[in-house]
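Since the structure of chain A is provided, determine the placement of chain B on it from the hints.
Protein chains in written order, with the UniProt record's numbering: chain A, 1 to 329; chain B, 1 to 190.
If a hint is listed, it holds; no wrong ones were tucked in.
Below are the EDC-like pairs computed for lysine to aspartate or glutamate, each with C-alpha atoms no more than 16 Å apart in a straight line:
no. : chain 1 : residue 1 : chain 2 : residue 2
1   : A       : Lys36     : B       : Glu62
2   : A       : Lys35     : B       : Glu59
3   : A       : Lys139    : A       : Asp111
I should point out that these hints are in silico values taken from the structure, not numbers from a laboratory. Predicted model, so just to flag it, every value in this text is computed and none were measured.
Listed below, chain by chain, are the residues.
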Amino acid sequence: MMGDNPYKQLHELLAAKPVPKVDVKQKVMAAIAAKKIEEDKKVKKKIGVLLTIGLLAGASSVWAGMEVIQLKNEKGEVVMEMDTGKGTEITSKTEGLPVEMQNELAQAEADAERRSNIINEILDQLKPGTSAAIYWLPKQEKKDKSVEEISLRDPNVDVFYKAITYTSLAELEQKLADKRFALPTELNGAFRFESGEIEYKPSDKYDVAAMKAEAIKNKKEYVVKEIPTSDKFDYVHVAYRGAKGGITVEVRQAELGAKTGSNATGVEKVMLGKNEAALMTYKEDNQPDFHWIVWIKNGSDLEYSVRAKATTVSKEELIKLAKQLNEHK
Amino acid sequence: MEKAQIEYLLQEIKAGAMEQFEVIIDHYQQPIFAYCYHMLGHRQDAEDAVQEILFRAYERLEQYTYSLSFSAWIYKISFNHCANVLKRRKLARVLPFLYSGEQQGRNFVEEKIDHDYLGEPLERIWSKLTAEERTLLYLRVLEEKDYEEIAVLLDKKPAALRKQFERLLKKCKRYFPAMGGVANDGRQSV
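Chain A with its partners taken away, still in its complex shape (with noise of 0.2 Å):
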């Protein structure tokens, strides 16, 4: 009886009734590993805007103090460019500029900052495997059309793709309509493929002169729209797993010879068999350092670049994986 004693009766009660087994672990690690990529592309993302804004600023006080790493293929034709960012100093590039000019790139860092995290908040409700169009009201029309009229796209719209995240390697070369190149399931025998990402250029299906009318008419800063997304290859990004941690590889169809720029702290030219490639290292207090290769597989228009921190895989040992990963077939 439960008056005699009610705390053995409830006991009774709830040990009585069996509990199911449950197995959660593949899908929390799944939603793990796809948060981790997300966060990955949210911060690339924000070091792509910062650098824009570095360098406007830089283009008119350090950019004489750049280095340039050039890297070739076989038959000696350079297929990248890179500058090293050696000799500036990013805190001190606004210095000299005027003062109107300065608070301008104040202003315009803070708009970008801004305008990144309504992005990041978009890009988080968007359904994986759609995209959508952004629309910005400029606050006032630019008298200078040079920009625009050499650009094939109106610079007032972001277009972005919420790529679908595939926990299987097999699963995701079906979905890569691009057959030009293949990843291992293994690097090293010490990383395993964990998650991948297609990602697809951006769609120029949206309609700018509806999205800007909308906008005007409904007084807002900015109009979302969903549209098709392209069906042309940008890049595939891969994670892979070790004990010590992950690294992540991606490829992308390169721009022969084009030039880019990095904001590591040293970057210095390595081989992987004959191939020529950058690696870039960087460095934060406190921080373990962080180390990323880019190249251009010889004979090919792809660029492969793998990246880890030094406390999974030594500067010496991503080398080894990079490799690796260009004779991969």
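Quick look at chain B alone, frame taken from chain A:
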């Protein structure tokens, strides 16, 4: 798994060894599921809950400090999550227009304790208890945790919990048919 072993794993995960979290999941998923299952009384809700809780635990790992045992910390996340789910169910009953058609077509208004799993006598008691009372009862009676540990996750004093538990037993007795409480014919109570 020993506490020291768990702390060591957590250090590794914080340092970037994400795959070690699989060991944590292996260790905690069943007890957390059992807790959620008893709290929510619904198998699918409990499975969704344990996924969400373990995912959130990973996300917030930087916030975990050693002043709390990891077990207490993860139960605290579980309690908050289940309390929110129960609150939403309650709101759905009061404001059905806000919730109808939500959650992939599920209707929380029609949601009830899962009779198939919890059964009639227990459901009769359970449906009268708050999230905090369910937690106290489950952890104290079934998990046999001491008041000090439960106090940490419910942010209460052990002595206050002890009194609350005594009142809770009386409340349960009132709704237990075998005792002839109000749940039986409404005439008698404790």
